[in-house]
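Enquirer: Produce the entire structure from the sequences given, and follow the hints as far as they go.
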Amino acid sequence: MRTILFLLQKEFIQIFRNRIMLPVIFIVPLVQLVVLVFAATLEMKNIEVVVVDKDLSDVSRRMIGKFEGSPFFKIKDFTFSVSEAEDFLRANEADMVLHIPQGFERELNRENRAKVQILLDAVNATTAGLANAYASNVLRDFNEQILVERVGVLGGRIEQVRIRYSFWYNPDLNYKIFMLPGILVILVTMIGMILTAINLVREKELGTAEQINVTPIRKYQFIIGKLVPFWIIALFELCFGLFVGKILFDLPMVGSLALLFLFASLYLLLVMSIGLFLSAISDSQIQVMFLVFFFFITFVLMAGIFTPVESMPDWAIKVNTINPLAYFIRVMRMILLKGSGFSDITREFYTLGIYAAVMLLLATWRYRKAA
Amino acid sequence: MKRFTGFVIKEFNHILRDFRTLLILFAMPAIQILVFGFVVTNELKDIRIAVLDQSGDRYTRDITNKIMSSGYFIFDGYLESTRQIEQKFREGNVKQVIIFEPGFGHKLIREKSADIQLLADASDANTANLVVSYTSAIIQDYMMDLRKKTGGNLQILPEIRMMYNENMAGAYMFVPGVMALILMIVSALMTSISITREKEMGTMETLLVSPLNPLQIVLGKVTPYVALSFINAVTIVALGYFVFGLPVHGSLGLLLLECLLFISVALSLGIFISTMVDTQQMAMFLSMMILMLPTILLSGFIFPVENMPDILQWLSCLVPAKYFIIIVKSIMLKGTGIAFVWKETLVLVFMMLFFIGSSIRRFKIRLE
Amino acid sequence: MNRKKTVIRVRDMVKKFGDFTANDRLSFEVYEGEIFGFLGANGAGKTTALRILCGLSLPTSGEISVAGYNVYSDREKIKKRIGYMSQKFSLYEDLKVYENIRLYAGIYGLSRKYIRERTDHLLETLGLEGVRNKLIAELPLGWRQKLAFSVAVFHQPSIVFLDEPTGGVDPITRRQFWDLIYRASQDGITVFVTTHYMDEAEYCDRVCIMEAGRIEAIGTPGELKGKYAAKNMDEVFIKIAR
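Residue numbers (the working numbering), protein chains in the order written: chain P, 77 to 447; chain U, 94 to 461; chain Y, 158 to 399.
Simulated from the structure, these hints should not be mistaken for laboratory data.
Check the hints yourself; a few may be wrong.
What the hints assert, rightly or not - Lysine to any residue pairs mimicking SDA-like chemistry, simulated, CA-CA at most 20 Å apart:
id : chain 1 : residue 1 : chain 2 : residue 2
1  : U       : K292      : P       : E279
2  : U       : K103      : U       : R113
3  : U       : K181      : U       : R151
4  : U       : K200      : P       : E220
5  : U       : K205      : P       : Q236
6  : Y       : K253      : P       : L282
7  : P       : K191      : U       : T175
Expert: Here it is as structure tokens:
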């Protein structure tokens, strides 16, 4: 125990003495947290539309007015040539072309049906899909409106379904409170995993690890000495990040914070053990860095932080059973936003616990005092 | 020049000798593009929906069937009462609950009006928004069909064309993004680390007293990485083409040139980082910290920049990956030439010159 | 000589790295309290042998005991009784002088009070009181080496292993360094030192000369000079190496 205290003292002195390290650990992540949560939105505000109205009729003008009135669309320009309109799409200057062909109104009156053409820039399939849904909605509303007018003249009524939405846990659809825990998890993990991994290999490369290896120090003492400092710093960072989230973004904290931190402690232990293991199998900082980079980015992009897990293929969902971030992000959102209790996250808790124990043992086993 | 070539060859050998790093360097981008190309997507798929059907008539069943057969959703089961909703959401699997009011079909036919409630788990606001939009679109479609049968007939038929991506493949969006992310981080990390390594090991001083001037030393260290990164870029484009079916409508030559330009920007950024820090640890941490999240979030990789608040739209102008992604999409998917992307290209060139210029200045200050 | 107690006993020690044999059946003994020099050109296998004795590396075969313990089974017990200083500089550069001493002494289980007292005493004898609060990175190489040695013997081990301790140091500092070695030796610490400076060999009680993984000669500097009819150790070495 005394030996461990001496080691911890040393690690902390080294961390706090490094003048660049501290701002990078504390300030850069928080700035990113505050700024980047705003970025993670799929909310479509300004779908820019180029209109090709070849009909120039009363109905076509009303239809365009309907688009103008929608909060999602912004009429960017009018033109009479479809190919000119397509150039807007090609140059990334518009997202959608609304083409009302000549004779639209006449056909609608005579045949009861008429076509409009919508061209979407579908390079981003998701936003194109969403724009499509919105545009179809606008058209359907308009359709219903003119139908009601016409049937109303004849004195009848048409069937209508009133759809009412309600968004639970987040009635304003505030994407920030969803993203903030996600980005926070990334930052905290970065500190835990990367710094731990690099720290050990750095000592190998500088030669100080050898001096330590020739002392009667125990493996577990050494590992604890390497784990605890960044473990504390990462937990502190998490605490700080949640505080900032509460103050600036009114992040809900419905569930128990104690449970959250209990889970976070376990999670950090796991990712730090992974970091230690990777550093134990590497000889140089370059190697460990690429290994960590590989696992870290893969974990981050697969965890469902930015894109929904449900959209992923089945094999990816299976791979996610070994992705620590996937567990933590899920549990963190459940506790914070929905107030889930221990009974809701029992499975995640034990899985992570066993996983952490295994990785810790593996890291300790793989760490060699003698070659 | 001959001395310089010798130095570059030495650096090459140095990198090639470390087999493990080399393996990671080449295998990693390939694996990542394969994984992310399939995984990173916003498309709705297999969203679990529970239904509370208090009416249980022909119409509610038809609507339920129509929703579930759309391909976006999975039927999780019927709920017995409103009390179960909370529990379902808390467990976290069900994302939406559809509630039909009692006597739905009866009301719809007699009173011409009936209620459907959509409850979405909006802790993920983005997904909730998609889910609700898609569900109501399906319900509205059903109503159109229904009216056609009952006589109220007046239809505006939207004819939708998905330009440049008829099958709505998510990969079209994400492959260019992953490409930018990997090239950016791998290139910047490699240079910043390899230069700080020399500093940390004290070998930088040895190099500085050699007859090579500082610019040559830095260029010598970077040149091999330009080659390595370029191979990575080609691998990624090839995988995009063969695995994800991303077309190259525009000029392949131009595309590769732009890749080379982007790599150079990333490498010069790496050099710039290495002039700010003294240890590999800090170089790596700084590269990851300041590059990873902005490159993912502010480049239009996952979230379209146009939807962001103004401040972030301005900030995104500082992210090199943003321009690269625009360029790649324009050339590959829209088949446009330099006439459409010269602005973005110019910005990248300017960024590269800026990083190299600042690095040289900082380098000189340190030497004096 | 045989009256003395043996503290290191090596018999047929072999270390292979793949096909390459770094140590080829080495056998020698080191006696308590002596300064034992391990000589050889770079790559002769000195450091490999020393690392095995310190428990940093495992031998391929051979019977080896250090301070009465077997290097296969009791490496951790050996480590309690030895000190080590390597050619790579091994103090933490971003720690201050006293912080380095405190760390290593603490690892060996010395009490904080004792460490404080001994540190003051040590810095005084080294004439380094003024740099107590300086970072190692700020010290000149010679001072660091002396400090590293003092840290290696701070816990009063029975054997101290020095791996090319004077590499890159000026002649005066080297002289001072050897004074420290003599002092440690007088305190009863056995010194095992590798070097490729032949003049340093003269300072050793006994030397062992290695060439391409084998021991070519072993004995006191006087014996070796007599045997090879040489004026100094330099000549002995050149004759052997040829």
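Enquirer: Now tell me, hint by hint, if it's right for this structure.
Expert: Going down the list of hints, with the structure as the test:
1. K292(U) x E279(P): Status holds; Cα separation ~16 Å.
2. K103(U) x R113(U): Given pair K103(U), R113(U) holds - Cα atoms ~18 Å apart, limit 20 Å.
3. K181(U) x R151(U): Distance of about 26 Å is beyond 20 Å: violated.
4. K200(U) x E220(P): At roughly 19 Å apart (the allowed maximum being 20 Å), E220(P) and K200(U) satisfy the hint.
5. K205(U) x Q236(P): OK: K205(U) and Q236(P) at ~6 Å, within 20 Å.
6. K253(Y) x L282(P): Judged against 20 Å, a Cα distance of about 17 Å means the pair holds.
7. K191(P) x T175(U): violated (42 Å)
Hints 3, 7, counting from the list given before, are not met by this structure.
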